[in-house]
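Residue numbers (the working numbering): 48 to 187.
These are calculated hints, taken from the structure and not from any lab test. Don't be surprised by glycine CBs; every beta carbon is placed ideally from N, CA and C. A portion of the hints provided could be inaccurate.
Derived DEER-like restraints, expressed as beta-carbon distance ranges [as the list claims (entries may be wrong)]:
#: 1; residue 1: Q93; residue 2: I121; range: 54 to 60 Å
#: 2; residue 1: E106; residue 2: L142; range: 19 to 25 Å
#: 3; residue 1: G132; residue 2: E106; range: 25 to 31 Å
#: 4; residue 1: S111; residue 2: L162; range: 30 to 36 Å
#: 5; residue 1: G132; residue 2: P154; range: 33 to 39 Å
#: 6; residue 1: M138; residue 2: R178; range: 55 to 61 Å
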Amino acid sequence: DELDRIIDYEDTVQDFMKDLPLPENPNVGANGGPQRETRDEDQEIQIKRKRNPIPKLDEDRLLSDAGIPKLRKIAKTRLKFRGKGHEFSDMSRLLNTYQIWLDDLYPRAKFRDALTMVEKVGHSKRMQITRRAWLDETKP
C-alpha cells in the first residue's frame with residue numbers, strides 16, 4: 048500500500064544516514080585542519096557601507112554661508128513686520144522663518160533641539176566677537 052511504502056522510505060533514509068561517516072568535531076575538516084565555510088552562489092553577501100560623517104552644529108557651520116549670514120539676508124529681504132495689532136502674526140512669521148532656516152542648516156534636529164544647540168554655540172568667544180562685529184556694521 049501507499050502508507051507502507053512511505054514508512055519503508057523513511058526507514059531507508061535513516062539507514063542511509065547511519066552509514067555516512069560523520070566527523071567527530073564539526074569544526075575540523077577531512078584533512079585534520081580547520082574546516083572552511085563554503086559559500087553557496089545563492090547565499091546573500093552583505094556589503095558594509097562606509098558611513099558618511101554626521102555634520103555637527105558648531106561655530107563653523109553657524110558662521111558659514113548657510114548659517115547666520117543667510118538668516119540675516121533672509122531677514123532683510125523677506126521678513127516684514129506689520130506692526131501694532133499684528134503682534135501674533137509677526138511673531139508667527141518670525142518663528143516660521145527661523146524654523147525654515149534651521150531646517151535647511153541642520154535637518155537632523157527638531158526645531159527646539161536645534162535652537163538649544165544654537166544657543167549653546169552662541170556663548171562661545173568667537174561667536175560673541177562675530178556678533179559684536181555684525182552689530183557694529185549696522186550702527187550709523
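For this session: Find the hints from earlier in the document that the structure breaks and name them by number, from lowest to highest.
Result: 1, 3, 4, 6
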